[in-house]
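J.: Residue numbers (the working numbering), protein chains in the order written: chain A, 1 to 450; chain B, 1001 to 1358.
Mixed in with the good hints, there may be bad ones.
Unchecked claim - Lysine-lysine pairs mimicking DSSO-like chemistry, simulated, CA-CA at most 27 angstroms apart:
1) B:Lys1132 to A:Lys174
2) B:Lys1276 to B:Lys1223
3) B:Lys1276 to A:Lys140
4) B:Lys1060 to B:Lys1132
Simulated from the structure, these hints should not be mistaken for lab results.
Just so we're clear, the structure is a prediction, and the values are computed from it rather than from any experiment.
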Amino acid sequence: MQLKNVIESPCGLRYMLDELELQSGYARRWLLDMPMLTSAAAIETAYGVVRRFVTFLEQVDTPYINTLRFKLQGLKDIRTTIQNLSKHAVLDDIELFEVKHLAILATEVAALLGKHGMGEVVEIPDLSKVIDILDPDGLKMATFYIYDTYCAELRDVRMQMRRQPDDQDDLLLKASELEEGVRRDLSSQLYPYAQAIEQAQVALAQIDVNLAKAEQICRQGLCFPRLSCSDTSRFTALFHPQVKAALAAAGKEFQPVDIAYSQAPTLITGANMGGKTVVLKTLTMCQYLLQFGFGIPAHEAEMTVVDDVYFCIGDEQSVEKGLSSFAAEMKKIDAVIRASRKDRKILALIDEPARTTNPTEGAALVTALLKVLSGKRMSLVMTTHYDIEPGKARCLRVKGFENGQMNYQLVEVHDGEVPHEALNIAQSLGIDAEWISAAREILNSDFRTT
Amino acid sequence: MEWGSVPSGRTPGPRDGVRALPFIGEILNYGSLSIVGLEKNTGKTECLKYVLERLPLTEKRVAVTSIGIDGETVDQVTRTQKPEIVLREGMYFGTSEMHYRQRRLVSELIDVSDETTSLGRVVTARALTQGKVLLSGPSSGASLRRWMADMRRFDIDLVIIDGALSRLSSASPAVSQSMILATGAAYSANLNTLVQKTAFVVELINLELAARDRREMLMPLEKGVWMIDTDEGLHDLNTLTSLSQDIHFEGMERCAALYVAGALVDSFLEKVRKNKDLKQTEIVVRDFTKIFISPQQFRLFIKAGGRISVLQKSKLIAVTVNPTSPSGYVLDSDLLCNKLREAIHLPVYDLLKSKPCN
């Protein structure tokens, strides 16, 4: 599982990537190709590096960091060139230029980081030998051609070319033969460094990514999570950065929530517009952020590592597969149940399962789902509108309307009874009064939904 | 010396014994020049060659590129010979990877950009000897603009763009500050028609700028049709594209000007002219490359009291003529130059005769 496979998850992970101030396109590709980390040790190591960059950002002057960023903008994807080099191919001028450019960049970035004791945080192989090969005159410039110094005969031919600029055909032919000889020679001199060049390219991408992650943590007020020893995940002042930004743009404030869940299923109930879906989206996003080494959008977070994350959001339609919203949802939940039977640790977040079918069968499906998934080696957080028997599930409820305002805080309750606030909320939205009062009459005249 | 700084090699002056027409000097006043032809074989490449041969490189650091695939040795459509571009020592150039590999000169690579063309990425290099190269630079206006902005890193004073044939968009003021227009018998074999058609293009290129306040207000709006009322208030005529059926909107009687961010076409102009509330209005467009109207509709609109202005304009430095059509038909060069000069009040040159027409 790579970041690129989950980046379009409806939890809003894409937003976090888009908000990352990456300097080079290659770093972005490298990050998208990054595999999801599933061991606590790997995650700790990844956060260790990001932490060092946060300290770096806090302690180092802005102009210095801007210089580093500017340098990283020059990072190019030269994987094809490196592949050619390691296949003993003769590199052409453009490829040799790319290698020289990367070697100089790596040396410069290593020097910049070394000055601030960051040398060992991301190790960049020493490519000074590569530069020597491609800079025979010691000009220290990031430009390249087959220099006269490489070959005395070539220098003579070029001098002749300059003397007689109007009759060059034979000279050009001669020069290009000599140049090709130089290229062959340079390529074989560079061959032993192919691996180091590749490592340098990856190291530069890592620096770009970690610097961007650290900057994002500072700018968005994210936190470093603690890895939980138990199976409990716990967040205080959790927020969804994208929703928060959208609210801020409209002059509104995001109300952070506290939430914890463990292996027993967690059921979230609450009024419409109570932010239940946002909670699920945020939890999903946080799990991915943890396992790709990003900052977590909370004041504090304690989290467990899982092998797979399943996020089932009800209103998806698989148009291309020709499935209705109900069928698409059933298939997704089916995948969760199958996964729960395997020996993998999973986190499943299910938003209002069976919401699109009739309440009688819907409630039965949800109750049964809780039963089936209880006791499995998984964490399950589920929202619902149905009045169901919670069984062993822990129940959380959105506080709901208080004094005409929505309170998004979650409180623990000991029954699965859902609040009946739909009509009040609809009324507060200014929905047609005739419709709402007719509904009230029906409710009052002994009409029961279950 | 700092890593990554730009080499400062010898930059020779104009070649000995080559006299230059006066417009060469004027080019140096601008940071960018595009050379565009009204039709294939109107002498655009000859004009580029002429300019490159005569520019004084001692004063300016010059970079050359072309928009889209151009610079084939043989014109792909008409099969007539096209000269290769000869660069002088010290000139910078942007071309595709493929054509860089085929270059016939010694040059030093200074950049490999992220802009790609069908012939590979755009690379930038400096000529270390005189020689020939095929130019195939950035393939769109936007990528050309990015490439040009990138050239600032190398302290380039003047970028010369070999514009796409019969695609004036590469001469858009959004891209280049100045331009040279190549016209000739290939555009029309009838001398009077050629003069009229060329003069109309020149008239559009030279349309006056809109009032400064309006330019600042409208510049950020890249889409739609807008009305500016008599109090300089801006109204989005959302439902009204320049192609829609009828022009009618609220507050029409208070319309001082209409701004068309996209293409201005005949049908729109005609509807505005026929509307009694609008016929004396000013139409503002982004620049002349957005205007696709016939001379007839333009004249009728002006006659009715309308005006067309632009947000951006580039300086038309000169017009060059090629009196020979690809079919072999030859117009009288002196007569053509004179008539065109009278019509457009700008310098007109036949570069193959290499003397000013006056």
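J.: Within 27 angstroms, alpha carbon to alpha carbon, are Lys1276 of chain B and Lys1223 of chain B?
T.: Status holds; Cα separation ~26 angstroms.
J.: When you check the alpha-carbon spacing of Lys1276 of chain B and Lys140 of chain A, does it fall within 27 angstroms?
T.: Roughly 70 angstroms between the alpha carbons, so the hint for Lys1276 of chain B and Lys140 of chain A is violated.
J.: Hey, Lys1060 of chain B versus Lys1132 of chain B, does the alpha-carbon distance stay inside 27 angstroms?
T.: holds, 21 angstroms
J.: Run the distance test for Lys1132 of chain B versus Lys174 of chain A: straight-line Cα separation, threshold 27 angstroms.
T.: holds, 16 angstroms
Going down the numbered hints, you'll see the structure goes against just number 3.
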